[in-house]
Amino acid sequence: MPLLDAGAVTKLFGRLVAVDRVDLAIDAGEIVGLIGPNGAGKTTLVNLITGIEPPTSGTLVFDGTTLAGLRPAAIARLGIARTFQIAQPFRNMTVRQNVAVPALFRANPAAGVGQALGEAGAILETVGLGPKREFSARALTTPDLRRLELAKALALRPRLLLLDEVMAGLTPAEVDAEIAMLRRVNAQGITLLVIEHVLRAVMGLSHRVVVLHHGRKIADGPPARVVEDPGVIAAYLGNRRPAGRSG
Amino acid sequence: MTPRTLALGALAAAALGVAVAFPAFAGGYYVRLATGIYMFGALASAWNLVGGYTGYPDFGGAAFLGIGAYTTGILMLRAHLPFAAALGAGGALAVLAAVGMGTLLLRLRGHYFAIATLGFMLVLRQVAANLPITGGGSGMNLPIASAFTPFYYWMLGAVVLGALGGALLPRSRAGYAIAAIRENQDAAQVLGIEPLPYKILAYASNALLFGAVGGIYAYWFTFIDPPTVFNIDFSIQAVVMTLLGGPGTALGPVAGAIILKILDTILTNISLFLHNVFFGALVCVLIIFAPRGLAEVLRRRGGIVRAIRTELEDSRV
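Chains as they are written, first to last, in this note's numbering: chain H, 727 to 973; chain W, 72 to 388.
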């Protein structure tokens, strides 16, 4: 049984079909890349999985639990964490306090504030924010804010982690460091769904790549096969000749 | 416990000792003045829980003050309950009302919340003005207390409760939830926090203090009518005092209440006109130069001059 099983998930905004009958199964331990041009429905799909918005139709099942009707906090406590495309820090709290928040509110929370802060300090070491743990979150640079997003998600002790464009705006060297870090996260047994524009990153990291275009899934397979897919090439670069569909 | 926490604790204990002994050596005028300071210190501390820590601009605190005042008055006058029992019932009813109203209103954000709380308070004022049991628009006379020093201690209790709440909250699990909700509610939710119960907790704690102060106030002044207790001025003063002292800090609201009440008394004695101008001007100065209160100004290195310069540079963006 897959860890996350989405069946014909659909989201309408008025008459706009943002997500169109998407089937997506993610197995425990996988790293799945989710790519697609702007407006393809990637972030909407993440919002549906995390309960920020309800799907118009379709089913979402996480480890045997139907997510329909669950509020974001309940879904988080089931073990689904996410990072936001635009970092959402608690600006007037310290970096360490930011990370202590999920440690206090996950399914098996830290016993108290002191323990949560201690745990937060350890997680900050692993993402490279150790020296800045007493900084106010508002003082962080963009790459550091991304690290903070990841640290907060990890403090939730998720089984599935949805990463919404964690590499956008990073330098190539920073991208490489991020890929290495995500591999380490995955090696701890956390399943990853990586939404990304930086194709090099997704291709190098993912076991499997899913492509969305106009809300529809147009490809799903190993990275090497997906990049050759004429439908995917057409979606990214436009048509020179009528494109076939596969996958 | 850091040395700083210990020093602050010792200072607070010493201040409390002086406050407890105060009526023994001070005259009636000063005891009355201090009682008023504690009253507003308690209201400001209460508002700080909702407006400061949670970031919800509540302007309807007087709704709970009125509920506390009228419940205490009605129970003492018509059911002949002793003051303490009537006061307890008033506080409890204020909490109950806050849980009910909070469930509805705390889904709103920003200005909408502010207007809705104000509306709720004004509705209650009309209800109180039209019910037979409250004495309607002509108000209600409570039994006259045999001594007035007890009110000093009741209000002292209220302000200590408020300051204690403000000091303990940020160190607690609930405090982390409330801070996260204030900073970014969407981010808080995906990290496992269900916002509404924590917002209700803050709102109901605020209501408990407003309600208790209302009950003490009613018995202290012996006369209440709808415009006196359902009065937005209580909220506005609490807001200004909190802004002055430092929203989201434990002792800021109390410090704000002490400073403002003393200035208020001095200025009223000099000129009633000057006193009104002063408050308007003070609010403007605070919002421009110290939006996070005196606590923040003191915390910054380089003191007040540097703080003012930073604010001017910030606002040039």
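No wet-lab data here; the hints were simulated from the structure. Hints should not be assumed to be uniformly reliable.
[What the hints assert, rightly or not] Straight-line C-alpha distance at most 25 Å; calculated SDA-like pairs for lysine to any residue: (1) H:Lys858 <-> H:Arg883; (2) H:Lys858 <-> W:Gly107; (3) H:Lys858 <-> W:Val368; (4) W:Lys332 <-> W:Glu367; (5) W:Lys332 <-> W:Val89; (6) H:Lys858 <-> W:Gly246; (7) H:Lys858 <-> H:Val839; (8) W:Lys332 <-> W:Arg103; (9) H:Lys858 <-> W:Ile333; (10) H:Lys858 <-> H:Gly840; (11) W:Lys332 <-> W:Thr299; (12) W:Lys332 <-> W:Leu175; (13) H:Lys858 <-> W:Asn255; (14) W:Lys332 <-> W:Ala95; (15) H:Lys858 <-> H:Gly895; (16) W:Lys332 <-> W:Arg75; (17) H:Lys858 <-> W:Glu367; (18) H:Lys858 <-> W:Phe222; (19) H:Lys858 <-> W:Ala366; (20) H:Lys858 <-> W:Gln256; (21) W:Lys332 <-> W:Gly88; (22) H:Lys858 <-> W:Arg363; (23) W:Lys332 <-> W:Val348; (24) W:Lys332 <-> W:Phe349; (25) W:Lys332 <-> W:Gly99; (26) H:Lys858 <-> H:Ala848; (27) W:Lys332 <-> W:Cys355; (28) W:Lys332 <-> W:Pro268; (29) W:Lys332 <-> W:Pro74; (30) H:Lys858 <-> W:Glu265; (31) H:Lys858 <-> H:Leu804; (32) H:Lys858 <-> W:Arg244; (33) H:Lys858 <-> W:Thr299; (34) W:Lys332 <-> W:Ala160; (35) H:Lys858 <-> W:Arg75; (36) H:Lys858 <-> W:Leu338; (37) W:Lys332 <-> W:Thr73; (38) H:Lys858 <-> H:Leu925; (39) H:Lys858 <-> H:Gln841; (40) H:Lys858 <-> W:Thr76.
Hints and how they fare:
A hinted pair counts as satisfied when its Cα atoms are at most 25 Å apart, and Lys858 (chain H) with Arg883 (chain H) qualifies at roughly 22 Å. Pair hint Lys858 (chain H) plus Gly107 (chain W) does not hold up; C-alpha atoms about 45 Å apart against a cutoff of 25 Å. For the suggested pair Lys858 (chain H) and Val368 (chain W), the alpha carbons sit about 23 Å apart, so the restraint of at most 25 Å is met. Of the pairs offered as hints, the one joining Lys332 (chain W) and Glu367 (chain W) holds, with about 21 Å between alpha carbons and a cut-off of 25 Å not exceeded.
Only pairs whose Cα atoms come within 25 Å are accepted, and Lys332 (chain W) paired with Val89 (chain W) is accepted, the gap being roughly 19 Å. Using a Cα cut-off of 25 Å, the hinted pair Lys858 (chain H) and Gly246 (chain W) holds, with the two alpha carbons roughly 23 Å apart. A distance of roughly 19 Å separates the Cα atoms of Lys858 (chain H) and Val839 (chain H); the hinted pair therefore holds under the 25 Å criterion. Proximity of Lys332 (chain W) to Arg103 (chain W) is assessed by CA-CA distance (about 12 Å); at most 25 Å being required, the pair is judged to hold.
Distance restraint check for Lys858 (chain H) and Ile333 (chain W): the Cα-Cα separation of roughly 42 Å exceeds the 25 Å cut-off, and the hinted pair is therefore not satisfied. Taking the CA atoms of Lys858 (chain H) and Gly840 (chain H), the gap is about 18 Å. The hint holds against a cut of 25 Å. The hinted pair formed by Lys332 (chain W) and Thr299 (chain W) meets the criterion: a straight-line CA distance of about 18 Å does not exceed 25 Å. Between the alpha carbons of Lys332 (chain W) and Leu175 (chain W) the distance comes to roughly 34 Å, so the proposed pair goes past 25 Å and is violated.
For the proposed pair Lys858 (chain H) and Asn255 (chain W), the alpha carbon gap of about 21 Å is at most 25 Å, so the pair holds. About 22 Å separates the Cα atoms of Lys332 (chain W) and Ala95 (chain W), which keeps this hinted pair within 25 Å; it holds. Simply put, Lys858 (chain H) and Gly895 (chain H) have alpha-carbon atoms about 21 Å apart, close enough for the 25 Å limit, and the pair holds. A threshold of 25 Å between alpha carbons decides the hint, and for Lys332 (chain W) with Arg75 (chain W) the separation of about 28 Å lies outside it, so the pair is violated.
Taking the CA atoms of Lys858 (chain H) and Glu367 (chain W), the gap is about 21 Å. The hint holds against a cut of 25 Å. With a C-alpha separation of about 49 Å, the suggested pair Lys858 (chain H) and Phe222 (chain W) falls outside the 25 Å cut-off, and the hint is violated. Restraint check for Lys858 (chain H) and Ala366 (chain W): satisfied, since their Cα atoms lie roughly 24 Å apart, inside the 25 Å limit. For the given pair, Lys858 (chain H) sits about 24 Å from Gln256 (chain W) by alpha-carbon distance, which is consistent with the 25 Å threshold.
As the CA atoms of Lys332 (chain W) and Gly88 (chain W) are separated by approximately 21 Å, the hinted pair is consistent with the 25 Å bound. Between the alpha carbons of Lys858 (chain H) and Arg363 (chain W) the distance comes to roughly 24 Å, so the proposed pair stays at or under 25 Å and holds. Note on Lys332 (chain W) and Val348 (chain W): the hinted pairing holds, with a Cα-Cα distance of about 15 Å set against a maximum of 25 Å. Distance check on the hinted pair: Lys332 (chain W) and Phe349 (chain W) sit about 13 Å apart at the alpha-carbon level, within 25 Å; holds.
For the proposed pair Lys332 (chain W) and Gly99 (chain W), the alpha carbon gap of about 17 Å is at most 25 Å, so the pair holds. A C-alpha spacing of about 12 Å is found between Lys858 (chain H) and Ala848 (chain H), which places the hinted pair at or below 25 Å, so the restraint holds. Distance check on the hinted pair: Lys332 (chain W) and Cys355 (chain W) sit about 18 Å apart at the alpha-carbon level, within 25 Å; holds. For the given pair, Lys332 (chain W) sits about 34 Å from Pro268 (chain W) by alpha-carbon distance, which is inconsistent with the 25 Å threshold.
For the hint linking Lys332 (chain W) to Pro74 (chain W), the alpha-carbon distance of about 31 Å lies beyond 25 Å, and the restraint is violated. Only pairs whose Cα atoms come within 25 Å are accepted, and Lys858 (chain H) paired with Glu265 (chain W) is rejected, the gap being roughly 29 Å. Only pairs whose Cα atoms come within 25 Å are accepted, and Lys858 (chain H) paired with Leu804 (chain H) is rejected, the gap being roughly 30 Å. With a CA separation close to 23 Å, the supplied pair Lys858 (chain H) and Arg244 (chain W) stays within the 25 Å bound.
Annotation: proposed proximity of Lys858 (chain H) to Thr299 (chain W) is violated, straight-line Cα distance about 51 Å (limit 25 Å). Distance check on the hinted pair: Lys332 (chain W) and Ala160 (chain W) sit about 29 Å apart at the alpha-carbon level, beyond 25 Å; violated. Taken as a hint, the Lys858 (chain H) and Arg75 (chain W) pair is honoured in the structure, with Cα atoms around 22 Å apart against an allowance of 25 Å. A threshold of 25 Å between alpha carbons decides the hint, and for Lys858 (chain H) with Leu338 (chain W) the separation of about 47 Å lies outside it, so the pair is violated.
Of the supplied pair hints, the one linking Lys332 (chain W) and Thr73 (chain W) is violated, its CA atoms being roughly 32 Å apart against a limit of 25 Å. Distance hint between Lys858 (chain H) and Leu925 (chain H) is unfulfilled; the C-alpha atoms sit about 30 Å from each other, more than 25 Å. At roughly 19 Å between alpha-carbon atoms, Lys858 (chain H) and Gln841 (chain H) fall within 25 Å of each other, so this suggested pair holds. A threshold of 25 Å between alpha carbons decides the hint, and for Lys858 (chain H) with Thr76 (chain W) the separation of about 23 Å falls inside it, so the pair holds.
Checked against the numbered hints above, the structure breaks hints 2, 9, 12, 16, 18, 28, 29, 30, 31, 33, 34, 36, 37 and 38 and satisfies the rest.
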